[in-house]
Amino acid sequence: MNIEVRLCPKEQSFIIHNLYPLYLHDMSEIWGTRPNPYGIFDEDAGVRTLSELSERHENWWEQPSDLFPYLITVDGSAAGFALVTDESEASSPNTKYHLNDYFVLRAYRRQGVAQKAAVQLFNQLQGGWELQTNSSERNMTSQIFWRRTLDTYTGGKYTEGKGVHPKKGDMLVFRFSSNR
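Residue numbers (our numbering): 199 to 378.
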């Protein structure tokens, strides 16, 4: 199985746009969100189509020094994405990168794809990292995944604490460095 993590060029942004609604659907189980009246998982009740939802995320390809949309592929097929922001999104001053969203399709889960892709991503962007995940019991799978992945990647040299996201509420915050 050939796993590749690479910056997604603008010409291929449609791939992440295609995957994004699946991510939102998966997250609805954790966050308890419901689709809007038009069947779109979005906090804006006025978004009526997936095309409109995609348009709202075009900024990921318009700010190349601040926003980093990564595509995850397995044997050349789209398998997920990682949306990384610069330090402005992080809550710690020692953080250079913030993992905003991370998603691997269900077809590739429990095969080591997510962990290997995360390691590739961290190795590509050297410096201090922060990622946040829902701290509720509904999200234990993700919490276990990040603890195991970061423990292996950093040799146990990461921190875990509680934080509060302005929109999402209580979060579990992980911080580590990818400097090797």
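Just so you know, these hints were derived from the structure itself, not from any lab. Small disclaimer: the values here were computed from a predicted structure and weren't measured. Keep in mind that the hints are not guaranteed to be accurate.
[Said to hold, decoys possible] Ranges between beta-carbon positions, derived for each pair:
#1 R204 - E253: 22 to 30 Å
#2 P207 - R308: 13 to 21 Å
#3 R307 - G274: 15 to 23 Å
#4 E256 - E227: 23 to 31 Å
#5 G359 - E253: 32 to 40 Å
#6 N234 - G325: 18 to 26 Å
[To be verified] Straight-line C-alpha distance at most 35 Å; calculated DSBU-like pairs for lysine-lysine:
#7 K314 - K208
#8 K360 - K314
#9 K294 - K314
Each residue gets a CB set at the ideal place from its N, CA and C atoms; glycine is no exception.
Tested hints:
As the Cβ distance of R204 to E253 is approximately 24 Å, the hint placing it in 22 to 30 Å holds. Checked against the hint of 13 to 21 Å, the pair P207 and R308 fails, with Cβ atoms roughly 30 Å apart. As the Cβ distance of R307 to G274 is approximately 19 Å, the hint placing it in 15 to 23 Å holds. Range check, E256 to E227: Cβ separation about 27 Å, and the 23 to 31 Å hint holds.
Separated by about 36 Å at the C-beta atoms, G359 and E253 satisfy the suggested range of 32 to 40 Å. Distance hint for N234 and G325: a CB-CB separation of about 37 Å, inconsistent with the stated range 18 to 26 Å. At roughly 24 Å between alpha-carbon atoms, K314 and K208 fall within 35 Å of each other, so this suggested pair holds. With a CA separation close to 26 Å, the supplied pair K360 and K314 stays within the 35 Å bound.
Under the criterion of a C-alpha separation no larger than 35 Å, the hint pairing K294 with K314 is consistent with the structure, at around 21 Å.
This entry does not satisfy hints 2 and 6, going by the numbered hints stated previously.
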